[in-house]
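Peer 1: The chain contents come next:
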Amino acid sequence: MLDITDLKKSFLTPEKERVEIVSVGNFALAAGEQVALRGESGSGKTTFLHLIAGILAADGGRVTIDGVEMTALGEAGRDKLRAGKIGYVFQTFNLLQGFTVMENVVLGMSFGPRGADRGHAKEVLERVGLGHRLDHFPAQLSTGQQQRVAVARALANRPKLVLADEPTGNLDRKHGREALALIREVCRENGAALLLVSHDEEALAQFETRRDFAAINGAVKEAAK
Amino acid sequence: MTLPLIIYRSLRQHALSTLITAGSIALACGLLMCVWMVKTQSQSAFTQTTTGFDAVLGARGSKLQLVLNAIFHLEASPGNVAWADYEMVRRHPAVKTAIPIAVGDNLRGYRIVGTLPELFDKVEYAPGKKFAVAAGGKFFGVAPDAREAVVGAFVAQKLGLKVGDTFKPFHGLAFDEKNQHEEIFTVVGVMQPTNTPVDRVLWIPIKGVQTMSGHDAKAATEVSAVLIQLKAASAGFMLDMMYNKQGNRLTLAYPVGAIIAELFGKIAWFDQVLTLVAYLVALVAAGSVLASIYNSMSARRRDLAILRALGARRRMIFGAVVAEAACIGVLGAAVGYAVYFGLLTGVAEVIRAQTGVVLDVGAKHAVLWICPLAMIGLCALGGVVPAIKAYRTPVAETLAPTS
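Top to bottom, those sequences are chains A and B.
In case it helps, the working numbering puts the first sequence at residues 1 to 225.
In case it helps, the working numbering puts the second sequence at residues 1001 to 1403.
Because the hints were derived from the structure by calculation, they are not lab data.
Possibly wrong hints are sitting among the right ones.
Calculated lysine-lysine pairs in the DSS-like style (CA-CA distance at most 27 angstroms, straight line) [as the list claims (entries may be wrong)]:
# : chain 1 : residue 1 : chain 2 : residue 2
1 : B       : K1207     : B       : K1096
2 : B       : K1138     : B       : K1063
3 : B       : K1122     : B       : K1231
4 : B       : K1389     : A       : K16
5 : B       : K1389     : A       : K80
Sequences are here, hints too, so could you generate the full structure?
Peer 2: Here you go:
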């Protein structure tokens, strides 16, 4: 499902110094597999997910998703691939505040190949327990409910790969546990691979497969030397 | 449905700035259309308003003043013409009809004009249209000393005059309640609207003005001007030669339409200034669309980045912002029609009250679709700069949380 080879990304600091943030030799994820990456703040986890999602262009290396080489595509191609095959759950939910719960999910679907399907969006929102809040705006929901909308939006397009960036970071322990269980369950139902990055030990403990991001990111090792 | 939803929600989210910007566009659009229509319509209305006459004979002086006074019932009379001169021109073989008029009195600011009954019998004020009175009324007769009046439709409406009412004229062309004459006139007819300056006049027998108490005794043998219909258009040049070039006592204003066109030529600069102001307002409105959307970009950066992260292409984001600007233009143009009709109705009423010339508020003209379309185009153009900013929104940087 996901194959990464020699993936590199660096940034220029304000002092014009080039700093490498991500340098991942090999990383793979099979269809339906669920893996948690442990990493401290500032270790480049989010950048790593952005590279996989095609939000950022890599400096070098290869990312292949469901047989399509993301790193060989231009920006429009990456946008299309992301809309069709990837669901992204953000730490800060990133809901569109001016749009209703239903519209947030429908908009997420509309950029993908299946297009906007209000019926399916409603089903997914009912599945995450928000069937009665379709016309509410994000600000009218609790934090936990907002995260559930974000999960519904990420999964509504039936993505092959779900990327979750600290999905419990803004939730209390109870809601965090519930949100994570929901993501894992829906991914399992859809047969989607799940890659979660977090520094929350309780969240990480729920995964059978856990890896240290530092162990796969050569850039961090270099910086640590 | 994605694009309309994004545009609709964005407009809703920034409702106040949307409304203010659309309002300024409506004002610009309405103003531009109004200036244009008043300009074209008033020019054509004034140059075509001859009330059926080809020329005006009056005292030596300005032709324009003569036409304004005798046809449009504006301005003061440049002087008087002897009754003998009227008789002479009436008998001229090239003249079909010659009607004398005498001015010098008013009723609460509306002019009282003395004339002969032939004005109502013989003259067509527009092709195929003769003056007529409303039911129950009649034109005054040939009795020279009859104290009868026929009232123009606009005056009757404004002063509430009807058949059987009486009034005492006031001396002079401007209303001064201390200068009232003693003669009492009775309204015998209210004229049907003609949409010409005639509607703003109270007509009485010419002897009534000439012999009004307090008028100079000399006025009894003089008229203010003579309205002339020619047998053939070419005869005007003959009379022009006779009165304007060879004579030096009288002035023949001919042709009436061309003289009014000259007036518009003289005040063309005013039109140009108005048009320039309207264009500037339109530019400022387009600029305000640019500024309004551009300023909202900072607040919308995150939304745009989220949309991009969800898979929206750059060109779609660009298109959404340009379309949003165009939508503000559409909204403004739609309200602009209301502004236009409101403004034009007001201006037309003022022009009618002041000159008797009627502008058609419902008239069609290419500017009524060119202007709104141009405004929408300008607005879309104003959306391009913020759209470029939106296009360049860095997704990862804007979504931010680094870990």
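Peer 1: Give a verdict on every hint.
Peer 2: Now the hints, each set against the structure:
For the suggested pair K1207 of chain B and K1096 of chain B, the alpha carbons sit about 23 angstroms apart, so the restraint of at most 27 angstroms is met. Between the alpha carbons of K1138 of chain B and K1063 of chain B the distance comes to roughly 33 angstroms, so the proposed pair goes past 27 angstroms and is violated. For the suggested pair K1122 of chain B and K1231 of chain B, the alpha carbons sit about 13 angstroms apart, so the restraint of at most 27 angstroms is met. The straight-line distance between the Cα atoms of K1389 of chain B and K16 of chain A is roughly 25 angstroms, inside the 27 angstroms bound, and the hint therefore holds.
Of the pairs offered as hints, the one joining K1389 of chain B and K80 of chain A holds, with about 22 angstroms between alpha carbons and a cut-off of 27 angstroms not exceeded.
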